[in-house]
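There are 2 protein chains.
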Amino acid sequence: MLVTFNPIGTVKIEDGWYYIELKEKFFEATLGLDEFSHIQVIWWFNLYDSEESRNYFVMDKPYKKGPEKVGVLASRSPIRPNPIAVTVSRLAAVDKQKHRLELGYIDAEDGTPVLDIKPYHPSEDKVRDVVMPAWCRHWPDCIEANEGFDWSKEFNFPAE
Amino acid sequence: MLVTFNPIGTVKIEDGWYYIELKEKFFEATLGLDEFSHIQVIWWFNLYDSEESRNYFVMDKPYKKGPEKVGVLASRSPIRPNPIAVTVSRLAAVDKQKHRLELGYIDAEDGTPVLDIKPYHPSEDKVRDVVMPAWCRHWPDCIEANEGFDWSKEFNFPAE
Numbered sequence: 001m002l003v004t005f006n007p008i009g010t011v012k013i014e015d016g017w018y019y020i021e022l023k024e025k026f027f028e029a030t031l032g033l034d035e036f037s038h039i040q041v042i043w044w045f046n047l048y049d050s051e052e053s054r055n056y057f058v059m060d061k062p063y064k065k066g067p068e069k070v071g072v073l074a075s076r077s078p079i080r081p082n083p084i085a086v087t088v089s090r091l092a093a094v095d096k097q098k099h100r101l102e103l104g105y106i107d108a109e110d111g112t113p114v115l116d117i118k119p120y121h122p123s124e125d126k127v128r129d130v131v132m133p134a135w136c137r138h139w140p141d142c143i144e145a146n147e148g149f150d151w152s153k154e155f156n157f158p159a160e
Numbered sequence: 001m002l003v004t005f006n007p008i009g010t011v012k013i014e015d016g017w018y019y020i021e022l023k024e025k026f027f028e029a030t031l032g033l034d035e036f037s038h039i040q041v042i043w044w045f046n047l048y049d050s051e052e053s054r055n056y057f058v059m060d061k062p063y064k065k066g067p068e069k070v071g072v073l074a075s076r077s078p079i080r081p082n083p084i085a086v087t088v089s090r091l092a093a094v095d096k097q098k099h100r101l102e103l104g105y106i107d108a109e110d111g112t113p114v115l116d117i118k119p120y121h122p123s124e125d126k127v128r129d130v131v132m133p134a135w136c137r138h139w140p141d142c143i144e145a146n147e148g149f150d151w152s153k154e155f156n157f158p159a160e
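Those sequence lines, one after another, are chains P and L. Taking full-length UniProt numbering, I'd label the letters of the first sequence as residues 1 to 160. Taking full-length UniProt numbering, I'd label the letters of the second sequence as residues 1 to 160.
Hints in this document: simulated from the structure, not taken from any laboratory. Please note that a few of the clues may not be correct.
To be verified - Computed beta-carbon distance windows for the label pairs: (1) P:Ala93 / L:Gly16: 37 to 47 angstroms; (2) P:Leu47 / L:Ala134: 38 to 48 angstroms; (3) P:Arg128 / L:Lys153: 30 to 40 angstroms; (4) P:Pro158 / L:Glu14: 37 to 47 angstroms; (5) P:Lys98 / L:Gly16: 26 to 36 angstroms; (6) L:Lys69 / P:Glu24: 42 to 52 angstroms.
Where is the CB? At the ideal position from N, CA and C, for every residue including glycine.
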């Protein structure tokens, strides 16, 4: 069985500003979204998609402080059986003229296809009591704590 | 442009227990996942997928206490342009013999196709300071606070 999706828009990065540019027909589906501070963006790792990468299941030492081998489904690697990304972004503004959502940031490249957008709901998305493996417990404990954290000391694989 | 995904497994519900049963070849990709308390499950709203539902963009009064009209991308409705679901579940156990992940709970039906699994990372997934519209600010402020909350008083559409 194969499942097919049709992108609703693309990520645009211009002069350090981050947007989702929606195809015009989908823009009305954002009605009311501007009242939420954060959204989940579901996008396609198009730059890492190949038959080979979809059949690569165990990584060698992907995290500098982690174990020798980690499965791709135990990581956020872009290389995975179905290269889907989920990014939580701050929704800075909604531009009705340009049918764009202005984001605080998104860890995707310019031109990346966007598959879905959902409002961030703490009741569904925010876990109070999280347990992580010992080797990554020093990572930031929320999105806002990311600022200034040096991720280059953590990853050996391309960051999402 | 169309994007195609191949499910890695299915949701199984047996006697009130919730599982993801992975296709055997993908199971090794979960190596190390058992050290995380929570996972993101990306699945396909197969029961709500049709050409018609993918072209339905604005809902009439989907939330009992909300506005008269809400866009599907401003909701977690299963009816949306690309019917992708993201559920955060507690990972209760990993069964290597049956290549199953036992979950605390998932809001999907038995037989639902699963597209991807990621470890829940607070640094990427947990927003400390969230703003919601006034009509839903009384919703639980984290997943653990859901217990006992009466969602039937909130929704007019099928819950994710």
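Verification of the hints:
| no. | hint | result |
| --- | --- | --- |
| 1 | P:Ala93 / L:Gly16: 37 to 47 angstroms | 45 angstroms, holds |
| 2 | P:Leu47 / L:Ala134: 38 to 48 angstroms | 40 angstroms, holds |
| 3 | P:Arg128 / L:Lys153: 30 to 40 angstroms | 23 angstroms, violated |
| 4 | P:Pro158 / L:Glu14: 37 to 47 angstroms | 38 angstroms, holds |
| 5 | P:Lys98 / L:Gly16: 26 to 36 angstroms | 49 angstroms, violated |
| 6 | L:Lys69 / P:Glu24: 42 to 52 angstroms | 19 angstroms, violated |
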